[in-house]
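> In case you want the letters, here they are:
Protein chains: 2
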Amino acid sequence: MTDTTFDILGIGNAIVDVVARAEDTFLSRHDMHKGAMILVDAGQAEAIYAAMPPGEESSGGSAANTCAVAAALGARVAYFGKVADDQLGAVFRHDMQASGVHFPSKPLIAGAPTARCLILVTPDGQRTMNTYLGACVKLDELDVDESVVAAAAVTYLEGYLFDPPAAQAAFRKAAAAAHAAGRQVALSLSDAFCVDRHRADFRELVARDVDILFANETEITSLYEENTFEAAAAAAGRDVALAVLTRSEAGSIILRGSERAEVAAEPARVVDTTGAGDAYAAGFLAGYTAGKPLPVCGRMGSIAAAEIISHYGARPEANLNKLIAGL
Amino acid sequence: MTDTTFDILGIGNAIVDVVARAEDTFLSRHDMHKGAMILVDAGQAEAIYAAMPPGEESSGGSAANTCAVAAALGARVAYFGKVADDQLGAVFRHDMQASGVHFPSKPLIAGAPTARCLILVTPDGQRTMNTYLGACVKLDELDVDESVVAAAAVTYLEGYLFDPPAAQAAFRKAAAAAHAAGRQVALSLSDAFCVDRHRADFRELVARDVDILFANETEITSLYEENTFEAAAAAAGRDVALAVLTRSEAGSIILRGSERAEVAAEPARVVDTTGAGDAYAAGFLAGYTAGKPLPVCGRMGSIAAAEIISHYGARPEANLNKLIAGL
Chain A
439 MTDTTFDILG IGNAIVDVVA RAEDTFLSRH DMHKGAMILV DAGQAEAIYA
489 AMPPGEESSG GSAANTCAVA AALGARVAYF GKVADDQLGA VFRHDMQASG
539 VHFPSKPLIA GAPTARCLIL VTPDGQRTMN TYLGACVKLD ELDVDESVVA
589 AAAVTYLEGY LFDPPAAQAA FRKAAAAAHA AGRQVALSLS DAFCVDRHRA
639 DFRELVARDV DILFANETEI TSLYEENTFE AAAAAAGRDV ALAVLTRSEA
689 GSIILRGSER AEVAAEPARV VDTTGAGDAY AAGFLAGYTA GKPLPVCGRM
739 GSIAAAEIIS HYGARPEANL NKLIAGL
Chain B
439 MTDTTFDILG IGNAIVDVVA RAEDTFLSRH DMHKGAMILV DAGQAEAIYA
489 AMPPGEESSG GSAANTCAVA AALGARVAYF GKVADDQLGA VFRHDMQASG
539 VHFPSKPLIA GAPTARCLIL VTPDGQRTMN TYLGACVKLD ELDVDESVVA
589 AAAVTYLEGY LFDPPAAQAA FRKAAAAAHA AGRQVALSLS DAFCVDRHRA
639 DFRELVARDV DILFANETEI TSLYEENTFE AAAAAAGRDV ALAVLTRSEA
689 GSIILRGSER AEVAAEPARV VDTTGAGDAY AAGFLAGYTA GKPLPVCGRM
739 GSIAAAEIIS HYGARPEANL NKLIAGL
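Protein chains in written order, with our numbering: chain A, 439 to 765; chain B, 439 to 765.
It should be emphasised that the hints constitute simulated quantities derived from the structure, not laboratory data.
Just so it is clear, the structure is predicted and the values come from calculations on it, not from any experiment.
There may be inaccurate statements among the hints.
Copies of the same chain look alike in the list, so a pair counts if it fits in one copy or across any two.
[Unchecked claim] Pairs of lysine to aspartate or glutamate residues, derived as EDC-like cross-links and limited to a Cα-Cα distance of at most 20 Å, are as follows:
#, residue 1, residue 2
1, Lys760, Asp462
2, Lys760, Glu461
3, Lys760, Asp562
4, Lys730, Asp524
5, Lys730, Asp639
6, Lys544, Asp647
Turn these sequences into a full structure, and let the hints steer you where they fit.
What follows is the structure, given as structure tokens:
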């Protein structure tokens, strides 16, 4: 196996977040399910935006958040995702590059605008997301540069990538290229509603192509349609070489064959949970690709997640390297 | 005098802020003067943006910030400013309207993009601003709807409006229309460098057309080229009916004829001073147009400013009405 150029290659929906604070009544008035991500079309996005309080824009996207956090932790990171040739696409590109992430994907010309996710943050810190996929639906196999995949220790795929239809082919091409080069494939299940939408495909993909699975409690129980976390975790442990399962304030559990590590959550004052799972995966993978033991990888994930949920937005504000110093 | 439809009409540069955290070394490396606002052209803006850390976008613009804060305080507010027909222009428009501000200005079609201000916030909370005026340079007399001016108790003009050349005519037209309708004209001096650029014009305008002058210590001493705050304040007191002078953590001083009110600053943990003066003016004018005594107007300004500097961005996050309850 040749040396790697990148520790992590993320592939995902390239999205700009529009974050606004809202009361619970706003969610109920617009039939939104708190904590979930739903897909909306252009017209719905416009209607929700018109009704939303003033917002703040920042680059988002699940795998893209993971990439930005991992780069802040010192990992060598690349990212594939589809933005449009517009102002928000330029914002997304700037933020990735300024985060130190290699972002070679060409923008979509003369198509839908850059994707945006309208995020309502309620006073309890929960985020409820309405995603207009825009240019993301044009991400396809052609966007997967196999030489970059082959040069990355871990190719990390977000489950949301199963929503735009053409991206599934990109997904499978990347997984095949990674394994052909002797690399590993990681998948994050993204959210329970996404798992519901694609359960059969996910089950097949996880069993066949995924080496490292990231999921939270509702996602993993949904994937395996099990009633208990332990039963779902056992199923994951049989399917993948490495299962990394998060349980919010109850910490995380990491399973590798007969090895089991339990990691406590890092204490944090919750302001906005947007990006918590993305940041956990970033910390974990930054540790993992640096050869750290699993409990340390989990600690790095917990610390990164705690930083992200302590402020609005899914990208780091504090110096993450200082926070993990000594691990 | 007929009844008013609006308490405050703001006129200013319609700008989207791009806020990033940076070390002091970033400022020195790019020859930036900490705390100042400088104008940059499209090429300079691109170069600075390329060098900047990841940012967050939010609607800004000095008078626009004042309008959003005043509306949050319950004032009836309108705003004139020029955005382009692009994504950032749509963001700006959404945020004004979602703040409850009447924003009738037509966007610029097929010209420069919406203005943006590249803001570097250093660890001491100071913001250093690089403004690309873009579509703002096309704001002119035609954008001043005199019926709206006549319907507003106070027309509030930001000093920065003197930077785009055509806006000066808009400025003078608005002042004339306000006075013709028996209304008042307020001016904020914006910053000391802006005063330097336009001192003679400002001096003439203040003496002739301004009823209410907002300035901080460096701005007012620069305007009157006085060495001491008290000498400059006395000069302002002679020029305008009402002078509202802020001194950061030393509070504010309000002069109306022989009346003098001194108001303490509200304690705050400084995160980002962007918009502090804008918020002070908003609180003051919301109180003033509601008929409050000057010390109460000053307190409302101080409370609004304290909220704004306690977080990133120049628009309110907390419920401002709760913060001023009982005043």
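> How would you label the pair Lys544, Asp647 (within, between, both, or neither) given a Cα cut-off of 20 Å?
Neither: 27 Å inside a chain and 53 Å across chains, both beyond 20 Å.
> State whether the alpha carbon distance between Lys730 and Asp524 is at most 20 Å within one copy, between copies, both, or neither.
This pair counts as neither: shortest intra-copy Cα distance 40 Å, inter-copy 47 Å.
> With identical chains, the pair Lys760 and Asp462 could be close in the same copy or across copies; at 20 Å between alpha carbons, which is it: within, between, both, or neither?
Only across copies: Lys760 and Asp462 sit 19 Å apart there, 36 Å inside one copy, limit 20 Å.
> Tell me, please, which holds for Lys730 and Asp639 at an alpha-carbon limit of 20 Å: within, between, both or neither?
Answer is neither; intra-copy 32 Å and inter-copy 65 Å both fail.
> Since the copies are identical, ignore which copy is meant and state whether Lys760 and Asp562 lie within 20 Å (CA to CA) inside a copy, between copies, both or neither.
between (28 Å within a copy, 19 Å between copies)
> For Lys760 and Glu461, with the copy left unspecified, which applies at a CA distance of at most 20 Å: within, between, both, or neither?
between (35 Å within a copy, 15 Å between copies)
Hints 4, 5 and 6, counting from the list given before, are not met by this structure.
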